[in-house]
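J.: Given chain A, put chains D, S, H and P with the ligands in place with the hints provided.
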Amino acid sequence: MDFSWIIPYRELLLQGALLTCMLLLISVVLGFAIAIGLAIAQVGKNPVLKMAAKGYCTFFRGTPLLIQLWLIYYGLGSYLPFIPGLRSSFLWPIMREGLFFAAVALTLNFAAYQGEILRGTLLAVPRGELEAAKAAGMRPGMVLRRIWLPRAIRIGLPTFAGEVILQLKATPIVFSVTVMDLYGAAYKIRQDTLLVYEPLIVVAAFYVALTFVITQVFQRFENAVPTRR
Amino acid sequence: MRQEAAQPALVVRDVHKSFGALKVLKGISLDASKGDVISIIGSSGSGKSTFLRCINFLEIPDQGSFHINGEDVEFRTGRDGKSYPSNARQVERLRSGLGMVFQSFNLWPHMTILQNIIEAPVHVLKVDRKAAIEKAEALLAKVGLYEKRDSYPAFLSGGQQQRASIARALCVDPAVMLFDEPTSALDPELVGEVLKVIRGLAEEGRTMVMVTHEMKFARDVSTRVMFLHQGQVEEVGPPSQVFGAPTSARCREFTAAGSH
Amino acid sequence: MRQEAAQPALVVRDVHKSFGALKVLKGISLDASKGDVISIIGSSGSGKSTFLRCINFLEIPDQGSFHINGEDVEFRTGRDGKSYPSNARQVERLRSGLGMVFQSFNLWPHMTILQNIIEAPVHVLKVDRKAAIEKAEALLAKVGLYEKRDSYPAFLSGGQQQRASIARALCVDPAVMLFDEPTSALDPELVGEVLKVIRGLAEEGRTMVMVTHEMKFARDVSTRVMFLHQGQVEEVGPPSQVFGAPTSARCREFTAAGSH
Amino acid sequence: MNSSTSIFQLLAVSPPGWGGVLLTGALATLFISFGAYLVGMALGLFGALGKLSGVPPVRFALNFYTTVVRAVPELVLIVALYYAGTDGLNRALSWAGIGPIEVNGLVAAIAVLGFVQGAYMTEVLRGAILSIPAGQLEAAKAFGMRPTLRFRRIILPSLIPNALPGFANLWLSVIKDSALIAVVGYQELALAARVAASNTKQYMLFFLAAAMLYLAITIISNLLFSALEAHFRRGQRPIH
Amino acid sequence: EIRFGIVNEAYPPYTTKDASGKSVGWEIDLMDAVCEQLKEKCTIVDVAWDGLIPALESNKIDVIWSSMSITDERKKRIDFTDKYYSSMASMAGPRDGVLGVDPEHLKDKTVGIAVSTTQSAYFKKHFADIATEKSYATVDESFQDLASGRVDYVFADTGPLKEFLKTDLGKDCCEFKGTVPPDDAVLGAGVGGGVRKGDNELREKLNGAIKAIRANGKYAEFNKKYFDYDPY
Ligand SMILES: Nc1ncnc2c1ncn2[C@@H]1O[C@H](COP(=O)(O)OP(=O)(O)OP(=O)(O)O)[C@@H](O)[C@H]1O
Ligand SMILES: Nc1ncnc2c1ncn2[C@@H]1O[C@H](COP(=O)(O)OP(=O)(O)OP(=O)(O)O)[C@@H](O)[C@H]1O
Ligand SMILES: [Mg+2]
Ligand SMILES: [Mg+2]
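So the sequence lines, in the order shown, correspond to chains A, D, S, H and P. Going by the numbering used here, the first residue of the first sequence is number 2, and it counts up by one from there. Going by the numbering used here, the first residue of the second sequence is number 361, and it counts up by one from there. Going by the numbering used here, the first residue of the third sequence is number 361, and it counts up by one from there. Going by the numbering used here, the first residue of the fourth sequence is number 171, and it counts up by one from there. Going by the numbering used here, the first residue of the fifth sequence is number 160, and it counts up by one from there.
Isolated chain A (complex conformation) (with noise of 0.2 Å):
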């Protein structure tokens, strides 16, 4: 076992790893915003919207992220010459590069677990809570904001810090286009130095602890609200 590159290396190391959080941190906040919506669309009236966002978690939820990943990057990328002024726009500094694309293909990807499992814990809320919001005199937008869409977060709370970590594992996944994160740097570093194991090794270590983080934080989220069992 070799780990004296780790000293060289460790510049390529740190901006993979921080890399690494942003992605998860930005896919994960976005990709929540959006499963709200979603979730909302597929328990609600409108049968379009309700269509609209069954398609949509089916098809996300249906194929590899890697696949997805590929189409926007380079599929959509394919395209990008045909957009007249796209070159000389402000938008051509984010499109050139993959973190934008690795960006949106997790947040998007996220979005549709995460909205699966809001769509359930929204139909959990028992239906006497949502009466009681509605006998006080709330609107339906009221009675969302302030009683169901809570209560639902809390209920899929549990849940949530397994697809965090899921999501975390997922990000390796951006280095096939061509951004440099913790995954990426260790295959750089792979490829220079020849070594097989050691850097997967240093990976793997950085997201076992990033997971102990992760369910630490959830635990305190959790404990916000006490809960007799």
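List time: in silico SDA-like cross-link candidates among lysine to any residue, alpha-carbon distance up to 20 Å: (1) K268(P) / L92(A); (2) K55(A) / T388(H); (3) K181(P) / V183(H); (4) K268(P) / M96(A); (5) K135(A) / L418(D); (6) K46(A) / R439(D); (7) K383(D) / L418(D); (8) K135(A) / R449(D); (9) K46(A) / G438(D); (10) K135(A) / P469(D); (11) K383(S) / E594(S); (12) K356(P) / L196(A); (13) K502(D) / Y512(D); (14) K311(H) / V487(S); (15) K181(P) / A182(H); (16) K46(A) / L418(D); (17) K330(P) / P82(A); (18) K325(P) / P82(A); (19) K181(P) / L193(H); (20) K486(D) / L145(A); (21) K235(P) / V197(A); (22) K486(S) / K311(H); (23) K394(S) / H427(S); (24) K268(P) / I95(A); (25) K181(P) / L197(H); (26) K135(A) / Q463(D); (27) K486(S) / T318(H); (28) K356(P) / D257(H); (29) K377(P) / D389(P); (30) K135(A) / Q475(D); (31) K386(D) / K442(D); (32) K283(P) / Q192(A); (33) K235(P) / D257(H); (34) K135(A) / V484(D); (35) K311(H) / E431(S); (36) K46(A) / R146(A).
In case anyone wonders, no lab produced these hints; they're calculated from the structure.
T.: Only chains D, S, H and P with the ligands this time, still in chain A's reference frame:
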């Protein structure tokens, strides 16, 4: 602020309601003036809960006229042929003037007792938060739960939860309180404490409509008792009449069975 | 096939059993000859279930000698200092000669009633499948469940489930039937139908050991009643003695309380 | 490559169309997934029984297995196991005095994905076994059933309905994870799409086609699992 | 039997797969010629790029035959045959007809390069101060981003570069910008077959075959099918 005095607090006429082919309410009327305590009794499935839920539009009646708190409620027929209130805002406004206490309490478990109580005043009536808290604490003291104000509902006994939900309903200062079997989810020990609170409200002169199976209690506190049978009013009158000398044979049977 | 006649079906001597520091059984003995119906009574926690479960080794006793169905059971002390039967095969063989009926039925939910009943005969005793089905159907007819033979347990009432579980225990033709409060998970309406079946078995002359809280029933059907108190036999004898003129003060108290 | 080549020509099953390559890839995906699923199930069964056995060193080792495998990204695991696995195997073999054996890509892919699946299966099966009411097992004991018979006749059939939802999730995830095998060079559906795309430069077309194939597999699997669950829950009263 | 480890990613013209799933390309032709020369049976084993050396070491393959440049770093782990082609590094860029590969043309440009290649080493040595390197897992990916305009240049082996420029996509977007000046220190050793350390017998056999094929004209023959220059 509210119209009171001579004017009736609640006038409901000829309410009909079906679920699919099942006719549950077949023309029920109810008048309540300020200070009235009206008990609704009847066997299971007779439509008591459905009628009560029609009053605050948790169920939308197929037919009927409603005059609540000085306002008439208009209905329109929706594209699906069903009846809907014309004005959703009006329904929401009226609901906030009707305090409802459910059989299963339905406190919101993600909020403390205090938060539960100030939720509607602050967010629906836009009362100042500090004023709402003051009022809520006074109400909690009244129902004997002051020390529990920062507990979450899951940590309260059934009787305490029901008392908290009564305080929640009271905090919007409703013209009429609606109770749907407020004690039947409680074990006998806890029933007493909740009935005590309701009795206190009756003595204060609060307008109340109450579905209950506690015959003795209904007899003691009501100004009027209504006996429902298969979606119709079989007997209505002061408790002395309904329990003492009912004209309807069915009512006689029912009240006799209840008193053994 | 089985040793019967003069030989006792079951001889259990001086059973001790502790859970951790808690001594649950402190030397209990029981003799049952063929045709005996022995009821075990006693207050909650006195060790009735534990004793019954020791008889078929669902709990391994710390001490005691067992002579079941003509065989002596040997014990050895394991590396952890606990007592174990020396021969696991023997225990399995003996168990298949003891029919157990549980308080909570414990039918296997993934099998139909008929499949439940033939499971042990076919797979443990290696009886021919066709013969087992014939026998099972006869038993089902006897307990009044013939038409339910292809239903899954979840679709039966509690009383029906318990009757099915009795049929299941009977189908291995056990030398002794063990019942652990077979009616206490049932509502009063269903108790009757199960007791009727057990009474029938008693009249047939089946050897049975039964933990029960149904004093009247125990009095009617038992040949002997055993009263347990805090892990010891306080009183044992014919029902006329135990219920009529108990020598132990505790037993008098207990049976007096049970008969009100 | 001619720019007038139509989509249909490109997707044609026989060469020069690339449909055949995609379908072969899809078959490979199904084959790998199914193999890995079975391996995972076997590992999961041993894992669950081991965890429930209560023998401390076994439990510790299994906890390590499930914790690490479920915390480390599949991609990292696949790459690490793919290289370490065969290398380690051959080292072990040569240490035992047997010559090195050839592990082909397919077998390695199945073994690696199966190893990952096994950790999840362990948890699914453990939960399913724990949710069997103890009384049902006692009833089996009381009838003199041996441990093996008890397992075969009572535990196994009762845990299936409990485990099916978890199994369904894992099946869908192994299909998607099998796409990661592309990074170690085994040509399943994802890599097939990529090869077709880079040869024809029709990236959008082939990635979409692959996505649709995955989606079809998913949807058909969902239907199958629903049918299976309905079958295995036949003994349960429907919840209204 | 000799097992040839070949990368399962498209790297035309050296190796790629056709629509029937068969491996084809210059290196495949070379392999066939070598095996014909040696009268040996040859099989192709598909391996990912980063799995080549581990596969060789764990005896899944006998030769790495996949455009692997001979470098000192690699020589620590494996032995190489004599080179069978030289890596000539060239650049492609947008079709403006103006810019070339001189440092002043590359100023502030983003250059796509496959990770850990000799081109990457060359770039670090000569252009690191004036242009930005963007790393790709495979050359093919860098070509795609060149076409979509995400990188200004791609710096790669001349063979694949020219092959890309022959495709519709390449023709429409880009043009050949030139070959960089040789630098034997980084590019010099060329591309050879990789064999296990100490497997001298196979190395010598392969060296002999390569020499023979170059001498008897076979090399030049199939070379014409792919290149307009001599890659040796
Ligand atoms: N949402 C609904 N959909 C269909 N049927 C309903 C619905 N709500 C109530 N019913 C039916 O309407 C009838 C009256 O119900 P309701 O709850 O009003 O009875 P109740 O008098 O309150 O009885 P209980 O004393 O048991 O609460 C019952 O037959 C019930 O099954
Ligand atoms: N597995 C166990 N572990 C620890 N303690 C146990 C266990 N099983 C029983 N006990 C304890 O042993 C005592 C006797 O239990 P047992 O079930 O035999 O009582 P019982 O007479 O059947 O009572 P009941 O009428 O309530 O069923 C009780 O105090 C009980 O808590
Ligand atoms: Mg009701
Ligand atoms: Mg007991």
